[in-house]
Amino acid sequence: MVPISYYLALSAVLFGLGVVAFIFKRNIITIFMAIELMLNAVNLAFVAFSRALGQLQGQVFVFFVIVVAAAEAAVGLAIIIVIARNRGTLNVERVDSLKH
Amino acid sequence: MTPQIAVFLVLAAMAVAGAVSLILQRHPIHSALSLIVVMVSLAGLYLLLGAEFIAAVQIIVYGGAIMVLFVFVIMLLNAGEEERTNVSRMARFVGVPLGVMFLLEVAYWIARATSHLAPPAAQLVSTRDLSTLLFREYVFPFELTSFLILIALLGALVLARREDSD
Amino acid sequence: MNEFASQHPILVVALPKIVVLLLVLLTSLAYLTWFERKVVAHIQSRWGPYRVGPHGLLQPLADGVKFLFKEDVTPAGADKFVYFLAPFLSLSLAITSIAVIPFGPKEFTVFGQPTPLAITNLNIGLLVLFAITSMGVYGVALAGWSSNSKYPLLGGLRSSAQMISYELALTMSVVGVILMAGTFNLSEIVMSQQGFHWGFLPRWNLIGGPMPQLLGFLLFFTAAVAETNRAPFDLAEAESELVAGFHTEYASFKFAMFFMAEYSSMITVSCLATILFFGGWLSPFPQTAAFAWAHYIPAAAFALAGLALIFYGIRYLTMFGRVVLPVLGVVLGALALLFIRPGVTEFVQGPFWFLLKVVFFLFVYVWVRGTLPRLRYDQLMGFGWKLLLPLSILNVVITSLAIVLTQR
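Residue numbers (the numbering used here), protein chains in the order written: chain A, 1 to 100; chain B, 1001 to 1166; chain C, 2001 to 2408.
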């Protein structure tokens, strides 16, 4: 059997990579994808703990996280479309009209 | 090395490679494809953990709906390659190695701190048990999520509608 | 050998099953194109393929050779990796989904290892099928995007929107069946449809259970036709508007892969409709003494087909046909003789009825294509969101009410 700690380590690595992507990427769509990656990493930890503790609650939470992610993706992508339409760019550094 | 560990290592390598590729790719479609690889390998890991239903939902909702929406929006906006702005030398040569080290260290300490959690005997969680729990104890949050989805639906409609259409 | 088989069940049992199924599937994909061209031709008062072999029976082979030897053009400015990935993704996903389909009830033994008549029998078989189908969008969307051309991009956009929309109705329309069967396992769903109303009317989900799923079936099949991008919902490749849609820029074998993926998903949908609503491998006749003759229907059908082929074949126009058709007839007759042997009769019952129903649905697919005009794009979206989805939700509500009321 695979020790649970392996899964948790993998989850931490994926979450960290999500944070790195969130900070380094400039395209707003890719930044949004980085958030999804972090949510996925957390889901993995949930399922792993649910298995380790022999309780199903962890999986129920994953279910809710997925639902919330779906809702978030719908609204977030709509916002991205509006930004692209109004500003003509997807680069987050060019959406800076409050600075000037 | 048992077969399970081999499968785990392959899936974990796929997931990490996908996540790294998400960062390195310049074009958003390639990043989206990398993220799909991560999600599919995570679904495989859920199967390995005995969570069949969650694995299927992961692929159906994340792979089949959310990421399709991303790809759709990228195609719709005809997003091109990402411009590189404001990446300093310092960040590239000092920040990245430090970040990777920090990441590995966190992973190591988490693995060490939780190594006492032994996996219980192999037992596949049935979808029936999960749904019983969901519809008995968590029925109120479950119903709330339907409101959440409704609101998200309306919000997306309002945001994406063209102002000059009516 | 038996000892080796018990130590390596995957190598000895699963692998040969996969190879055999793959060969059968690829052959039937090729002949499905022949079937479709013939049926559409006859609907339109034409003859269809006639030149290559008797009744064009070698046409699929000729098509395959043509696809292999055509020049493989890659458009300038295409995203090479994604351009190559898209057809592979389409075809492999479409073929993988066959793996969870059970073809019959009986287990057979390979070197002492009992194994079901399916590649695998999963507890979440139906969910796995939906997961694989939902990933199928990528093949189309990525093909449209990576070609770096206008028409494919429009086709890809259209079909990704269409497939997401109709997937909702597709999934919701099946919930009624899941509620009645109480499982995601495809074999168990079939077994839950056993029994007969008044001794003769089979209790298939279409007409049985607490709530007949007639509405569910109509919704399922409509949404499935849209999901597989077939006429009248084939807006992704509408010739009159988009040249050929998402695969305009594909040539040679990569085009053939899209083609095979489409036909493969047609087969999957037909299998799924059979399993969910039409009792899968269950015979439409009760297993009583009065209906004992029903056991010989497979043998009789094969014998009749063989006889017809022999009588028709010896008077065929060409010399080649005069040899091939009677030989085919003799093969069918020999199969019929095999089918009346005691052990074999029971074994072929399940697969025979299953495949008969699947062929019927494939015929309906072609029939619909030959009959109905293509929808306009706004009509398509309106139909999916404003009619199919509400009706499928209504079906779920009514079915769950019926189940609750009858369980009191």
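One or more hints might be untrue.
Estimated spans, in silico, between C-beta atoms of each pair [as the list claims (entries may be wrong)]:
#, chain 1, residue 1, chain 2, residue 2, range
1, C, S2092, B, M1101, 35 to 45 Å
2, B, R1112, A, I23, 43 to 53 Å
3, C, M2191, B, Q1004, 49 to 59 Å
4, B, R1136, C, W2198, 52 to 62 Å
5, A, L98, C, S2400, 50 to 60 Å
6, B, G1080, C, S2400, 47 to 57 Å
7, A, I23, B, G1155, 42 to 52 Å
8, B, V1010, C, R2322, 50 to 60 Å
9, C, L2401, B, L1144, 15 to 25 Å
10, B, L1144, A, I23, 44 to 54 Å
Example chain A residues on the side facing chain B (calculated, C-beta under 8 Å, incomplete) [said to hold, decoys possible]:
#, residue
11, A21
12, M38
13, I80
Don't read these hints as lab results, they were simulated from the structure.
C-beta: ideal position from N, C-alpha, C; glycine also.
Each hint, compared with the structure:
| no. | hint | result |
| --- | --- | --- |
| 1 | C:S2092 with B:M1101: 35 to 45 Å | 39 Å, holds |
| 2 | B:R1112 with A:I23: 43 to 53 Å | 27 Å, violated |
| 3 | C:M2191 with B:Q1004: 49 to 59 Å | 31 Å, violated |
| 4 | B:R1136 with C:W2198: 52 to 62 Å | 38 Å, violated |
| 5 | A:L98 with C:S2400: 50 to 60 Å | 51 Å, holds |
| 6 | B:G1080 with C:S2400: 47 to 57 Å | 49 Å, holds |
| 7 | A:I23 with B:G1155: 42 to 52 Å | 27 Å, violated |
| 8 | B:V1010 with C:R2322: 50 to 60 Å | 56 Å, holds |
| 9 | C:L2401 with B:L1144: 15 to 25 Å | 23 Å, holds |
| 10 | B:L1144 with A:I23: 44 to 54 Å | 33 Å, violated |
| 11 | A21 | 5 Å, holds |
| 12 | M38 | 10 Å, violated |
| 13 | I80 | 6 Å, holds |
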